[in-house]
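The listed protein sequences correspond, in order, to chains G and L.
Counting in my numbering, the first sequence runs from 1 upward without gaps.
Counting in my numbering, the second sequence runs from 1 upward without gaps.
Check the hints yourself; a few may be wrong.
Computed footprint of chain G on chain L, listed as stretches where at least three residues anywhere in the stretch have a Cβ under 8 Å from a Cβ of chain G [what the hints assert, rightly or not]: (1) 29-39; (2) 108-119; (3) 129-135; (4) 242-248; (5) 294-306.
Taking lysine-lysine and the DSBU-like style, the derived pairs with C-alpha atoms no more than 30 Å apart in a straight line are [stated by the list, open to error]: (6) G:Lys-282 to G:Lys-228; (7) G:Lys-211 to G:Lys-228; (8) L:Lys-332 to L:Lys-53; (9) L:Lys-316 to L:Lys-358; (10) L:Lys-228 to L:Lys-211; (11) L:Lys-282 to G:Lys-118; (12) G:Lys-282 to L:Lys-332; (13) G:Lys-316 to L:Lys-332; (14) L:Lys-228 to L:Lys-186; (15) G:Lys-18 to L:Lys-179; (16) G:Lys-53 to G:Lys-166; (17) G:Lys-140 to L:Lys-282; (18) L:Lys-316 to L:Lys-282; (19) L:Lys-282 to L:Lys-301; (20) G:Lys-211 to L:Lys-316; (21) L:Lys-140 to G:Lys-286; (22) G:Lys-53 to G:Lys-173; (23) G:Lys-332 to L:Lys-18; (24) G:Lys-358 to L:Lys-211; (25) G:Lys-317 to L:Lys-317; (26) G:Lys-264 to G:Lys-342; (27) L:Lys-42 to L:Lys-331; (28) G:Lys-18 to L:Lys-301; (29) L:Lys-179 to L:Lys-166; (30) L:Lys-358 to G:Lys-140; (31) G:Lys-264 to L:Lys-140; (32) G:Lys-332 to G:Lys-53; (33) G:Lys-317 to L:Lys-18; (34) L:Lys-18 to G:Lys-301; (35) G:Lys-282 to G:Lys-264; (36) G:Lys-342 to G:Lys-317; (37) L:Lys-301 to L:Lys-332; (38) G:Lys-211 to L:Lys-317; (39) G:Lys-211 to L:Lys-211; (40) L:Lys-211 to G:Lys-317.
Everything labelled a hint here was simulated from the structure, so no lab data went into it.
Glycine included, every Cβ here is placed at the ideal spot set by N, Cα and C.
There are 2 protein chains.
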Amino acid sequence: MTDGLNMSRRLRRTAYTKNVEAAGVSGYSIVNHMLLPKGFQKTVEEDYWHLRKHVQIWDVSCQRQVEISGPDAENLIQLMTPRNITTATIGDCYYLPIIDENAGMINDPVMLKIGEDKFWLSVADSDVLLYAKGIALGSKMDVTVSEPDVSPLAIQGPKAEQLIAKIFGEQIKHISFFKFGWIEFKGTQQLIARSGYSRQGGFEIYLQNSKLGSDLWDTIWEAGIEFKISPGCPNLIERIEGGLLSYGNEFTRENNPLEIGLGKFCSLDGSVDYLGRAALEKIASKGATKEIRGIIFGGDKCPTCSLPWSVMVENKKIGEITSAIWSPRLKKNVGLSLIDQKYLSAQQPVEVHCQDNKIRSGEISCLPFS
Amino acid sequence: MTDGLNMSRRLRRTAYTKNVEAAGVSGYSIVNHMLLPKGFQKTVEEDYWHLRKHVQIWDVSCQRQVEISGPDAENLIQLMTPRNITTATIGDCYYLPIIDENAGMINDPVMLKIGEDKFWLSVADSDVLLYAKGIALGSKMDVTVSEPDVSPLAIQGPKAEQLIAKIFGEQIKHISFFKFGWIEFKGTQQLIARSGYSRQGGFEIYLQNSKLGSDLWDTIWEAGIEFKISPGCPNLIERIEGGLLSYGNEFTRENNPLEIGLGKFCSLDGSVDYLGRAALEKIASKGATKEIRGIIFGGDKCPTCSLPWSVMVENKKIGEITSAIWSPRLKKNVGLSLIDQKYLSAQQPVEVHCQDNKIRSGEISCLPFS
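Chain G with its partners taken away, still in its complex shape (with noise of 0.2 Å):
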């Protein structure tokens, strides 16, 4: 069933693509030059509505870390971030933006804080590794930056805590939100962190060994019987409800934080030194000329989203949706767009020009859709 993508070792597999296959798997994207599932048997809507119920396993090894170790690597992440990382203590998970020197967005990252002198960054869909690589060379910083054995698990769903409590132990329930610990599996000790993908709760297992993946998956297959798992991936109705946004679709390097519901994440009284500094600051006296927003709109279904669609007030394009599907919860479509700063309001009324050629009429909502 994945007669559209031809498979190559240069698109690569993961420690869980024999499970993914068991389960049966009906195609992939591709992220981080790896296979990414993009469904099993049920529908988005049959997913969807199983994720917000139960519990799923999603093989999210595509969440590549880059690992950044030695003296200077604080210095290293600090000076691709506007957000201030040395209030992180060991444990921590941080969202971090990480901008140019346009203070373009180059990736969105979360980042762990596994030593004092040693991080992972779990990145979204760009080579962050070759830039840090790039920066650290060219400022001849004594860092090694590489990609480790490490391939995530979510465990994602309102059933999540109990399956996990259940197989790791009660201890794993005291993991606050965006924090991790380390739970025993087969002799070995493995970082678990309470993130993931979607609204729905949950954890992430940043398996290293990758020879222990199908052990790990089935595991957790076994024990989540009961709890009625299935086989799962990030859900684009649950995402977009949610107002996640993802990297290479809701913003790229043409944008920076601020336009993308990111302040809160950027140092902007010069605390802290970065190599977009200048240019961010220079935004934010400006102000930023548009911001994410969500466009609730009817008719019937609407197509994939596979490029930008105008949002349109009075024949004015005021933004472009860069993803959208049809919500069976809201039962209208949802989607997310950067708005001109002038048309932020909920409510304002837009006209939406979908890839299908038709127009749908809809209003701006605030995310995430309620």
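With chain G fixed as given, assemble chain L onto it according to the hints.
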């Protein structure tokens, strides 16, 4: 017919995607976050024979350009590559290994010298832009690193020259291999190089201004009908037979340029300086421990190679095949593999452990396959 790949804006469409769809594309791969067609109505074998006899039009927009311009442009590129680029003149295409501080391969682009302080790197599948940006920022170089609106379109096959001359004039015949010139199209000047990812000869047009994409495709298509033009893409049989390597398949950051036959592009005499120089000179002084070779092997048609296959001699693993396919011309399977230094001689008998669990017998071959 693209069920296997869920489309989104992140998997960028190209200047030619509409034409490719109209031509009946049957699937895509993803390179540099962009769609690369992987087949049309013909089988890979039919396509192979056609490419060797006629002419094809390929959407290779995914060969993104990293534009490096400014007073330090040449210095920055020289830092990234062991090839002496100071000998290049405007109009030259140089095939470059790009390496890191360990002499690990980051990419193998074609460099086009556009002006004295303006270069394009036409890259394989990794974000060289971020590596270049990082080095430039870290070392405070006076350069601009960007991705311009350039969409390469390849015209490949023995009739490519006739076709291009018919449309753009006889003067294109004076462009030598790995040189570029300029053609006029719809009142614009466009770069054309005698190059391409096949051994059948041809050109690549580096179209600036993606809005002209459909027009360019249609113009070539219509003029090509008398030459039996067909839509195509890099052909796996032809590529392997021709010994053309693919970043992410035959080599990764784990490999150095000496292993993959790029020694002739490596300055090892100290005449130029670059970031991986110490590491590469050390490897050269010891001698590479493995080298790229072809493997020709029997049995029935081998399956798709989506993970490395062990190449064995007397129960000892001497290498791994990373790309393989049935050659209808040689009536055997052909593959590409890094091989241990001790077993490099042609006709060395080997056994190949394929991912269909069959063992096929074969021998080592020089590249390209004759």
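### 30 Å limit on alpha-carbon distance, applied to hinted pair L:Lys-228 and L:Lys-211
The given pair, whose Cα atoms are some 26 Å apart, holds under the 30 Å limit.
### Query
G:Lys-211 and G:Lys-228: Cα distance at most 30 Å?
26 Å, holds
### Query
Hey, G:Lys-53 versus G:Lys-166, does the alpha-carbon distance stay inside 30 Å?
18 Å, holds
### Message
Would the hint linking G:Lys-140 and L:Lys-282 be met if the CA-CA limit is 30 Å?
### Response
20 Å, holds
### Query
Is the hinted pair G:Lys-18 and L:Lys-179 satisfied, with a Cα-Cα distance of at most 30 Å?
Between G:Lys-18 and L:Lys-179 the Cα gap is close to 46 Å, so the pair fails against 30 Å, i.e. violated.
### Query
Given the hinted pair L:Lys-42 and L:Lys-331, is their alpha-carbon gap at most 30 Å?
19 Å, holds
### Query
Are G:Lys-264 and L:Lys-140 close enough, with their CA atoms no more than 30 Å apart?
Holds: G:Lys-264 and L:Lys-140 sit about 29 Å apart, inside 30 Å.
### Message
With the threshold set at 30 Å, check whether the alpha-carbon distance from G:Lys-282 to L:Lys-332 stays at or below it.
### Response
63 Å, violated
### Task
Starting from L:Lys-211, check that the Cα of G:Lys-317 is at most 30 Å away, please.
Between L:Lys-211 and G:Lys-317 the Cα gap is close to 19 Å, so the pair holds against 30 Å.
### Query
Under the criterion that the straight-line Cα-Cα distance not exceed 30 Å, is the pair G:Lys-18, L:Lys-301 satisfied?
23 Å, holds
### 8 Å C-beta test of the region 129-135 of chain L against chain G, three or more residues
holds (count 6)
### Message
Need the status of pair G:Lys-317, L:Lys-317: alpha-carbon distance at most 30 Å?
### Response
Distance of about 61 Å is beyond 30 Å: violated.
Going through the hint list in order, the structure does not satisfy hints 2, 6, 12, 13, 15, 19, 25, 30, 39.
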